[in-house]
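Using the numbering used here, the letters of the sequence shown map in sequence onto residues 1 to 155.
Hints are not guaranteed to be accurate.
[Claimed, not checked] List of simulated lysine to aspartate or glutamate pairs, EDC-like, C-alpha gap at most 16 Å: (1) 105 with 26; (2) 15 with 75; (3) 105 with 16; (4) 15 with 28; (5) 113 with 130; (6) 15 with 32; (7) 15 with 130; (8) 15 with 37; (9) 105 with 20; (10) 113 with 97.
Bear in mind the hints are in silico, worked out from the structure with no lab data behind them. On a predicted model such as this, the values are computed, not experimentally measured, just so you know.
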Amino acid sequence: MDNVLIVVEDLEAAKDFFIELGMELEGETQIEGPFVDETVGLDNVRADIAMLRTPDGHGRVELSRFHRPAAVRTEPHPAPANALGLRRIMFAVDDIDDVVARLRKHGAELVGKMAQYETMYRLCFIRGPEGIILGLAEQLDKAIERRDPLSEHPQ
């Protein structure tokens, strides 16, 4: 996967939110012209784009604000977690409490509650600007137990 696109109305708020999460702004541009129109299947497109990269460099989020044609809302706002379509993007974090506290300064709210899955993860969903839902997962035991098959069957 190269990136996930999120269409937003407030590009600056969305950028700030993802930067606070720990993503790095890779670049910004404005796009328009026949190539864009043909690619996205719309006429007379003009949009601003911001590309953000995860710190490990393996994933990117593309934020886009359409000037024309105007963006349209196709579902209730904010959409519930069981609405059809892309519902969230999950991020691994080192300190979930710290990340939630920082994102709350950008208007984020917990969708449900902070939960713990067995002894492996603490998880939550947060809703940020534009109703964007992020999943956050903090791995509790980062030590991977490796079993030596020879030690179980002495000869």
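Report task. Enumerate the violated hints, using their earlier numbering and listing them in ascending order. Result -> Hints 1, 2, 5, 6 and 8 are the ones this structure does not satisfy, whereas the remaining hints hold.
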